[in-house]
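Undergrad: Starting from the given sequences, assemble the full structure and let the hints guide the process.
The listed protein sequences correspond, in order, to chains A and B.
With the first letter of the first sequence counted as 1, position 129 gets the number 157 in this note's numbering; the numbers rise by one all the way through.
With the first letter of the second sequence counted as 1, position 170 gets the number 433 in this note's numbering; the numbers rise by one all the way through.
The set of hints was computed from the structure by calculation and includes no laboratory data.
Backbone N, C-alpha and C define an ideal beta-carbon position, used for all residues, glycine too.
Don't take every hint at face value.
[Said to hold, decoys possible] Here's a subset of chain B near chain A, in silico, CB distances under 7 Å, partners left out:
(1) Asn297
(2) Leu318
(3) Ser321
(4) Ser325
(5) Pro409
[Unchecked claim] Using 16 Å as the maximum straight-line C-alpha spacing, the simulated EDC-like pairs for lysine to aspartate or glutamate come out as follows:
(6) A:Lys203 <-> A:Asp180
(7) B:Lys315 <-> A:Glu273
(8) B:Lys315 <-> A:Asp269
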Amino acid sequence: MENSNQKTSNVMLAGSVVVAGLIIAGAVLFTNGGGGSNQIAQAPSDNQPQQPQPAGSTDAVNPVTDKDHIKGNPDAAVKIVEYSDFECPFCQRFHGTMNKVMDEYGDNGDVAWVFRQFPLEQLHPVKAVAEAVASECAAELGGNDGFWQFTDRMFELTETNNRTNIDVVIPQIAKEIGLDEVAFDECLNSGRYDDHIAADIQNAIDTGGRGTPWSVVIGPDGTTYPLNGAQPYAAVKQLIDLALENK
Amino acid sequence: MLKEILKIFKDVRYVGLASLITFIIFSIAVLIPNVRLLIQIIPDLGISLGSKLNLIISLFGSIQTNFTILSASYTIAIAILFGINVVLFLHYIRSQRTGVSKINGAAGIGGLVSGIFGIGCAACGTFILTWVLGFIGAASLISFLPLGGEEFGILGVVLLILSIRMITRKIIKPQTCSV
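TA: This is how it looks when you write it as structure tokens:
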């Protein structure tokens, strides 16, 4: 009887390790490797596929063009393509980190920061997409500077986790940065950026993004590196330096 | 309970084992979001060993930036408690007493599993809970949880403490024939 109980103990111990290992391995496999899962993010239009998608590759990142929102030298050796959500508190943190990165690497033209939309509709319904649309409208009316002014201010004012009063904050920012209010309202209601945002979301998913902030670092030789979450400045700096080694 | 645990941990080997397990669990929790990056970087012969090590070490800083204060706290707590839990299991088995009950084992496993579910930025869909819920098509359920999924981490800590308490009681309890 005693031996039997001891065997049970051993099985329990081994079992706990195996269960933990299986969960971790499963999560790694399905969130980052092969396999498929329903996506947490959905596009604001019906164009977004709802079926399970295979995990993506960072090589699927859409090429950076002059249609992108770029801070820094567009021809920089290293490009950091960030997929972001204005209602995500970790995107808010990472925005500060990226601004610090640009302070160090932007002036000498080594790094360009490319901002793409990845509003998580299921977690931050209505507001995240509305803010993404507003930032696109800011770009339309205020150019690249208008976009970054809007984005910086939005991340200052967002209460995150779908708590932002967008009816107050979005018009406030538009006014602060000097956008034409009538044209801005018309743009917000036009729906003309829905497909653009849906395309950004799809590209985030295609590159392996399963949450925000999600970034793809593109090195001088075209090598791509995934960077998941609001990583600290030191980690982003290490990755940039590592990518620059291939300059 | 604490007195008994401290007595067991006077054995340096147990301290070492618990520290190792704690470090492994903590590393997994912090590094798992960037496992793809690590898999790409580590075997790359074109990258110096120093650069690789610096990157890995710097990623540990995400405990401050990629976690809420609450999730960072219970992630660290789960790692430590799981290390203690395993050592107590081992000590109990080695002391040649009767085996621990299924309830003890279930609490220990449940604690780790629940803790793993609660790890990280569930609100942003980065980690395991959102994957699991997404897999069953219920990711939006997270938005209905008051703490955005962090409840699982807290539950993990509670279950691990419960497991440790039960094992310790078993260790303390003298082996006698009951009347």
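Undergrad: Going back to the hint list, which numbers does this structure go against?
TA: 5
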